[in-house]
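Visitor: So the sequence lines, in the order shown, correspond to chains A and B. Here the first sequence stands for residues 0 to 223, numbered as in numbering that gives the first Met the number 0. Here the second sequence stands for residues 0 to 223, numbered as in numbering that gives the first Met the number 0.
Hints are computed from structural coordinates only; laboratory data are not their basis. For clarity, every value in this text was computed on a predicted model and none was experimentally measured. Incorrect hints may appear among the rest.
Stated by the list, open to error - DEER-style ranges, computed between Cβ atoms:
(1) A/K12 <-> B/A171: 50 to 60 angstroms
(2) A/V21 <-> B/D155: 18 to 28 angstroms
(3) A/E5 <-> B/D160: 45 to 55 angstroms
(4) A/E24 <-> B/K50: 37 to 47 angstroms
(5) A/S20 <-> B/E123: 34 to 44 angstroms
(6) B/L139 <-> A/R153: 23 to 33 angstroms
(7) A/G107 <-> B/K164: 14 to 24 angstroms
(8) B/L68 <-> A/R163: 43 to 53 angstroms
(9) A/L68 <-> B/L139: 19 to 29 angstroms
(10) B/E123 <-> A/V21: 31 to 41 angstroms
(11) B/T173 <-> A/S74: 57 to 67 angstroms
(12) A/K12 <-> B/A73: 45 to 55 angstroms
(13) A/S20 <-> B/D10: 18 to 28 angstroms
(14) A/R163 <-> B/D10: 45 to 55 angstroms
Unchecked claim - Short, incomplete list of chain A residues facing chain B, as computed with Cβ under 7 angstroms:
(15) M66
(16) A67
(17) I169
All C-beta atoms, glycine included, are put in the ideal place defined by N, C-alpha and C.
Number of protein chains: 2
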Amino acid sequence: MERRFERDLDDLKKSLIKMGSVVEESIANALQALLEHDSALAAKVIEADVKINALEIEIDNAVVDLMALQQPVASDLRLILSAQKINNDLERIGDHAVNIAESARDFGTPPSKETFLELPRMAELTRGILRDALDSFILLNPKLATSVLEQDDRVDTLNRDMTRKVIEMIKADTKSVEAGLQVIRVSRNLERVADLATNIAEEVIFLTQARVVKHHAADGAVGS
Amino acid sequence: MERRFERDLDDLKKSLIKMGSVVEESIANALQALLEHDSALAAKVIEADVKINALEIEIDNAVVDLMALQQPVASDLRLILSAQKINNDLERIGDHAVNIAESARDFGTPPSKETFLELPRMAELTRGILRDALDSFILLNPKLATSVLEQDDRVDTLNRDMTRKVIEMIKADTKSVEAGLQVIRVSRNLERVADLATNIAEEVIFLTQARVVKHHAADGAVGS
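For reference, chain A alone in the conformation it holds in the complex:
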């Protein structure tokens, strides 16, 4: 029984890592589709979401089976409940990849580089945060997880600046309204992705140090 449980727990972790890498790829593809105006790649991201949703349900069912059959206690129970939360966070990150891909698709004409304002920098930062959050889970590394919390604050600041810059851009040229709204939409989606990656990092810190860091610091970064 014990050995079966260890194996099941291991399989659960592997499934989550797989889901993490699929989601990470979707975010990367969505951003590339946006910045390089690649509508075929955008379509691919939107299609891939079906796979991510199926993975979420599969992992969710595995969690319930593991609980029902093995009735884990203490630290194993915590790990399984964290797995369930991370699973949900990853699925939501996948949804944001779809939103970004939709924005990529909805940019009628290839926008000029200037239109994107700070998006390329935000994209790079957010991808780094997501990668660190996933690595902190794979390695159960609380130090790496803590660095995610700090990086998240920078994305929040960039997101706030973005709105101001888009307003300036629209006032200077009304023809940029549609593009400006898409830029804000992507900016907010990136801010949410960084926020969800932060949730994952918080679970890792919780798992390794057993303290609640949820609703951390400013607590103002509740998405948009």
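Following the hints, complete the assembly by docking chain B onto the known chain A.
Guide: Chain B alone, transformed into the frame defined by chain A:
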């Protein structure tokens, strides 16, 4: 042991119902603050979020204790896992109340009624959806829960129309950029609230009929 478990389960349900009513009030207050330009009420909503976050952690801990001490199986286990998800959905609805309250606060001068476009109608619809979702959980009523899924589609449509209307508004008068962006922000937050209420309704349907309705229908309503 059995009786203690029933009592704990009952307490958990009561805590969730309490959390539901606190969150529902926050959404109502945030919308009133916005539509009546009441910045004191907006500040109250932002403050109340601390309470909602504390409630979420309290319920989360109760869930873990219940699992660890009682090792529930089958339908009880499903109920507890659903409680955990609904708890998380409610906390997120609370975050959207904060976002709406922030928009209420950030409208510099009282906007004219016309500026809000379809927001009052969306607000009324979304509040109805949230109330029905919470009632469907309290009563474990799958029929009411199913009606939530249908109503959610109407909010999605309104949210999509809103972007088009805001673009027209800004093009007609560049001075309305700031207000227009806030209107879109609130519209998206309402769409997300309706989406989260739909998640709750899906859990209720799942609990009562044991089938997965997640990622329902169009599957396109992934927030923004």
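Visitor: Run every hint past the structure and note whether it holds.
Guide: Results for each hint:
no.	hint	verdict
1	A/K12 <-> B/A171: 50 to 60 angstroms	55 angstroms, holds
2	A/V21 <-> B/D155: 18 to 28 angstroms	26 angstroms, holds
3	A/E5 <-> B/D160: 45 to 55 angstroms	53 angstroms, holds
4	A/E24 <-> B/K50: 37 to 47 angstroms	39 angstroms, holds
5	A/S20 <-> B/E123: 34 to 44 angstroms	43 angstroms, holds
6	B/L139 <-> A/R153: 23 to 33 angstroms	45 angstroms, violated
7	A/G107 <-> B/K164: 14 to 24 angstroms	19 angstroms, holds
8	B/L68 <-> A/R163: 43 to 53 angstroms	51 angstroms, holds
9	A/L68 <-> B/L139: 19 to 29 angstroms	26 angstroms, holds
10	B/E123 <-> A/V21: 31 to 41 angstroms	39 angstroms, holds
11	B/T173 <-> A/S74: 57 to 67 angstroms	58 angstroms, holds
12	A/K12 <-> B/A73: 45 to 55 angstroms	25 angstroms, violated
13	A/S20 <-> B/D10: 18 to 28 angstroms	40 angstroms, violated
14	A/R163 <-> B/D10: 45 to 55 angstroms	47 angstroms, holds
15	M66	6 angstroms, holds
16	A67	5 angstroms, holds
17	I169	5 angstroms, holds
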